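Heads up: the protein sequence lines correspond to chains A and B, in order. Residue numbers for the first sequence follow numbering that gives the first Met the number 0, so the first one is 0 and each next one is one higher. Residue numbers for the second sequence follow numbering that gives the first Met the number 0, so the first one is 0 and each next one is one higher.
Be aware that one or more of the hints could be misleading.
As the list claims (entries may be wrong) - So the derived list for chain A, only partly shown, Cβ under 10 Å to chain B, looks like this:
#1 Leu-330
#2 Pro-334
#3 Val-340
#4 Gly-341
#5 Arg-342
#6 Ser-372
#7 Phe-373
#8 Asn-374
#9 Gly-375
Unchecked claim - Computed footprint of chain A on chain B; a stretch qualifies when at least three of its residues, placed anywhere within it, have a C-beta under 8 Å from a C-beta of chain A:
#10 286–294
#11 352–358
Unchecked claim - Some chain B residues well away from chain A (every beta-carbon gap over 10 Å; in silico):
#12 Asn-86
#13 Arg-95
#14 His-111
#15 Leu-171
#16 Trp-330
Since the hints were derived computationally from the structure, they do not count as laboratory data. Just so you know, these numbers come straight off a predicted model, no measurement behind them. Glycine residues also receive a C-beta, built at the ideal position from the N, C-alpha and C atoms.
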Amino acid sequence: MTEKPATADLIAKNGRIYTVDGNRSWASAIAVRSGRIIAIGDEAAVAPHHGAETKVVDLGGRMAMPGIVDVHTHLMMGGQAELFELRFSNLLRRDAILKLVREAAEKTPEGKWVIGAQWGSDLISTLNTEESLKALDAASLGRPVMLRDDTYHNRWVNTAAMKLAGIDKANKDPDQGSFGRDPKTGALTGVMIEAAAGLIERTIVTSGHYSEEMDRAAMARSIATLNSYGVTAVLDAAAMQPVMAALKGLDDRGQLTAWAAAAMPVTEPSFMFGIAGEELFATRESYRSKHVKPDFTKVFLDGVPGARTAAFHEPYTPDPILGCCFRGTTLATVPELVRWVGRCEELGLSVKIHCAGDAAVTQALDAIDVVRSFNGPTALTHHIAHASYIAPGDIKRFAELGVAADLSPFIWYPTSFLEGHKQTMGVERATRFWPNKELLAAGTLMAGGSDWPVIPNPDPWNGMEGLVTRQNPSGDFAGEALWPEQALDIATVIEIFTINSARVMGWDKTIGSLEIGKSADFIVLDRNVMEIASDEIADVNVLETYFEGRLVFERGAGA
Amino acid sequence: MTAARIPVTVLTGFLGSGKTTVLNRLLRQPALDGTLAIINEFGAVGLDHLLVETSQERFALLDNGCICCTVRDDLVATLKDIVARSNAGELPEVKRVLIETTGLADPVPILHTLIVDPDLSPLFAIDGVTVTVDAVNGLPTLASHQEAMKQVAVADRVLITKADIADEKETLRLERRLARLAPTADRMLVAHGDIDAEKILGAGGFHPEGLSADVALWFREAARAADQADAHGHDCDDPQCGHAHHHHHHDHAHDAAQESAHAGIQSYAFVIDEPVEWAAFAQWLEYLTMLKGADLLRMKGLIHLSDDPARPMVVHAVQSIVHPPARLAAWPDDDRRTRIVFIVRDIPRETVERTLARFASIGAGSISRPARQEELA
Numbered sequence: 000m001t002e003k004p005a006t007a008d009l010i011a012k013n014g015r016i017y018t019v020d021g022n023r024s025w026a027s028a029i030a031v032r033s034g035r036i037i038a039i040g041d042e043a044a045v046a047p048h049h050g051a052e053t054k055v056v057d058l059g060g061r062m063a064m065p066g067i068v069d070v071h072t073h074l075m076m077g078g079q080a081e082l083f084e085l086r087f088s089n090l091l092r093r094d095a096i097l098k099l100v101r102e103a104a105e106k107t108p109e110g111k112w113v114i115g116a117q118w119g120s121d122l123i124s125t126l127n128t129e130e131s132l133k134a135l136d137a138a139s140l141g142r143p144v145m146l147r148d149d150t151y152h153n154r155w156v157n158t159a160a161m162k163l164a165g166i167d168k169a170n171k172d173p174d175q176g177s178f179g180r181d182p183k184t185g186a187l188t189g190v191m192i193e194a195a196a197g198l199i200e201r202t203i204v205t206s207g208h209y210s211e212e213m214d215r216a217a218m219a220r221s222i223a224t225l226n227s228y229g230v231t232a233v234l235d236a237a238a239m240q241p242v243m244a245a246l247k248g249l250d251d252r253g254q255l256t257a258w259a260a261a262a263m264p265v266t267e268p269s270f271m272f273g274i275a276g277e278e279l280f281a282t283r284e285s286y287r288s289k290h291v292k293p294d295f296t297k298v299f300l301d302g303v304p305g306a307r308t309a310a311f312h313e314p315y316t317p318d319p320i321l322g323c324c325f326r327g328t329t330l331a332t333v334p335e336l337v338r339w340v341g342r343c344e345e346l347g348l349s350v351k352i353h354c355a356g357d358a359a360v361t362q363a364l365d366a367i368d369v370v371r372s373f374n375g376p377t378a379l380t381h382h383i384a385h386a387s388y389i390a391p392g393d394i395k396r397f398a399e400l401g402v403a404a405d406l407s408p409f410i411w412y413p414t415s416f417l418e419g420h421k422q423t424m425g426v427e428r429a430t431r432f433w434p435n436k437e438l439l440a441a442g443t444l445m446a447g448g449s450d451w452p453v454i455p456n457p458d459p460w461n462g463m464e465g466l467v468t469r470q471n472p473s474g475d476f477a478g479e480a481l482w483p484e485q486a487l488d489i490a491t492v493i494e495i496f497t498i499n500s501a502r503v504m505g506w507d508k509t510i511g512s513l514e515i516g517k518s519a520d521f522i523v524l525d526r527n528v529m530e531i532a533s534d535e536i537a538d539v540n541v542l543e544t545y546f547e548g549r550l551v552f553e554r555g556a557g558a
Numbered sequence: 000m001t002a003a004r005i006p007v008t009v010l011t012g013f014l015g016s017g018k019t020t021v022l023n024r025l026l027r028q029p030a031l032d033g034t035l036a037i038i039n040e041f042g043a044v045g046l047d048h049l050l051v052e053t054s055q056e057r058f059a060l061l062d063n064g065c066i067c068c069t070v071r072d073d074l075v076a077t078l079k080d081i082v083a084r085s086n087a088g089e090l091p092e093v094k095r096v097l098i099e100t101t102g103l104a105d106p107v108p109i110l111h112t113l114i115v116d117p118d119l120s121p122l123f124a125i126d127g128v129t130v131t132v133d134a135v136n137g138l139p140t141l142a143s144h145q146e147a148m149k150q151v152a153v154a155d156r157v158l159i160t161k162a163d164i165a166d167e168k169e170t171l172r173l174e175r176r177l178a179r180l181a182p183t184a185d186r187m188l189v190a191h192g193d194i195d196a197e198k199i200l201g202a203g204g205f206h207p208e209g210l211s212a213d214v215a216l217w218f219r220e221a222a223r224a225a226d227q228a229d230a231h232g233h234d235c236d237d238p239q240c241g242h243a244h245h246h247h248h249h250d251h252a253h254d255a256a257q258e259s260a261h262a263g264i265q266s267y268a269f270v271i272d273e274p275v276e277w278a279a280f281a282q283w284l285e286y287l288t289m290l291k292g293a294d295l296l297r298m299k300g301l302i303h304l305s306d307d308p309a310r311p312m313v314v315h316a317v318q319s320i321v322h323p324p325a326r327l328a329a330w331p332d333d334d335r336r337t338r339i340v341f342i343v344r345d346i347p348r349e350t351v352e353r354t355l356a357r358f359a360s361i362g363a364g365s366i367s368r369p370a371r372q373e374e375l376a
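Taking the hints into account, I'd like the entire structure generated from these sequences.
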């Protein structure tokens, strides 16, 4: 006697299903019950699960594969900007911006903020006058206004905003920042440089400008955007309380359509506000839910190469202010990192360490080496983000120490970022960027991430093409390739964006491949990514996204 | 007040082990004049007969100038308050502090507070931890209460109380057990709480001048305890004890490295036969206390420095707390090798050995386990 096979809620058949399961790479049909895969193989394999209630989807011979897992995103910002903020091009000049501000102010209730982005940082001297501030005040209709620039480092705000932040002309400049003052009159202009910008952002956050409902809506919008590209699992790489609250809030309502891991910053990041470190870790159980896993932390170890804030072994090119031999600096010493990693291990937390320069990578590996030497093996996987400039001697250490390479953002090909690096580091060094093939050969666990919204949209197909071709999929920088010897094959790239990212997030038993017992997260594509020309990968469109067997995105279904 | 820091002695011991009796006797001795005693409560044993004055504030002034008080919300506030009052002339000058913990307390957080708190650390210096263990109930208490075992493991002085009414053999077995749990501590038998204050004070070895004899002593003690444990291992009444011996690994030279299966608490020692670079060693020690502090019950070392071979450095750590290292004027005996003793919970000896070699820049071939006590003596 055999048990009667369980009836499937959903059967998808007649597909070319790439499973990312080494034991069975291809299947044509899949059966789902209660969100989990109960059968996969050919039609005969799923047939016993076909019952009266089973919904059947004909894939029409199209390719399907596991949902994409993005190991590095900043989830809520994109949605907030789309839903609640004024968006304008950095090519707009002052008066055009002021016109948009006035229109936005008219629609904004009294007492509420108008927030917008992004003005070109080349406008600073235009905006930094008493007259410009008066014009902004006039356009604001009494609402507090904050406008971000295109570097995200500076703001332009009106008098009402400064008043709310307690800033007047008697205030001294904050550490590592300054208040813009009219060069002629000395009056404040509302331009907020670097740390001064934080004072305004903090005022907005503490004013309760973003309600929990708004946060949830922004998060839902972000997740919907990700679903439209086939992403069904993400790691938020700077999860402050509002991010985790929004994820949990959506999940409690049955509205979270992706698996979400959260990396809580060990110290307050420069671009987000609120509690961090131990105080934040202590809240994590209150945010845990079926699809939300706050089991990661984030350390920012250095900055970015283009701004000469990443830490390198060799000096940057000479600079009038920094001199001949500046190498950048790390924001923590090895012992400080050891303390954090050790503490996180005690708490069962994996650490994601932002390392943009090769010296930061070395330092992070050194610290993890110390922790491994004292603590022995661990089930936790720590991540080095962004694993892009790596000293040759460090390549093999990733695998030796069990450290994952978080490959993000999608700039594995010539970009304006790379052009900036060439200026600060010289062409030869700048183009030794992303030694992915060497990492692979050394047995490194490599995972794919977007770093959205650092890059404007989280389309992983663009990234995947770049990993294969090392050329810019948009057609920019035509004929150029970035270190083409480091190109990877498409099968490896798909693993990087599915099972590997799942493994790095500690979710490889649940997601990342299509196998019996795993979550039925799969996507249907408009072409077979394994067969098309490599310069066509970025053109792949996701037609349907299923999360736990539920259709959560359908192309052309209307937004 | 001058820069001289006020010595603090922590008196701990399991419930009913005789702490308060000891405290009561100590406070009558002239050596403790000017002592601030901080206790849980004016308990059943009572200090009433010593009290000359009580107040609503849970303060009591003793006739020898001692101040007693119970701990308020927290120790930090209490200490700061009393120092302030003493400086203001409202209370007598505080020459010494004696803190009696609750019977179930872990004394380490108290030490930690005194060393780490930015307001307190300049004012106070840890003098040591004294633990009372009851000769009648000590063995069963140690067998069943993790807290009691930890109190002993971190102590500098172990006072075996009620030995006068305990079975002699039982007391001997207790002593052996204590020797294994706290090989670096001094053990003393006391009856009716009678103990000479001088034997308890200055226990911690935080004054370099008092260290020489102490350091040599505890290292020999550690080796001897291990020897005894070997000789008497069959004696152990805990079934796990014999079991642990079966699992003693690989090497016949573990004599001095007595490992106990009791809650994973074990002690072991190292001899290092090459000069030590202080900077590298200090870095290793920082990592050790950072990553393994919770399980590092005690660590004491006498370090032969490469840049100052005539004057050994004394290092001393309790959990994540490293006491300020002190340099001795001279070696306490003819042996000039670096010697380190550990009392740990679940830190494999190999981990210490391996990390010493990697991070303290010590040649692996120079790190050995001490041979027999004869060689150490």
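Checked hints:
no.	hint	result
1	Leu-330	18 Å, violated
2	Pro-334	6 Å, holds
3	Val-340	9 Å, holds
4	Gly-341	4 Å, holds
5	Arg-342	9 Å, holds
6	Ser-372	5 Å, holds
7	Phe-373	4 Å, holds
8	Asn-374	6 Å, holds
9	Gly-375	7 Å, holds
10	286–294	holds (count 6)
11	352–358	holds (count 4)
12	Asn-86	34 Å, holds
13	Arg-95	34 Å, holds
14	His-111	15 Å, holds
15	Leu-171	38 Å, holds
16	Trp-330	30 Å, holds
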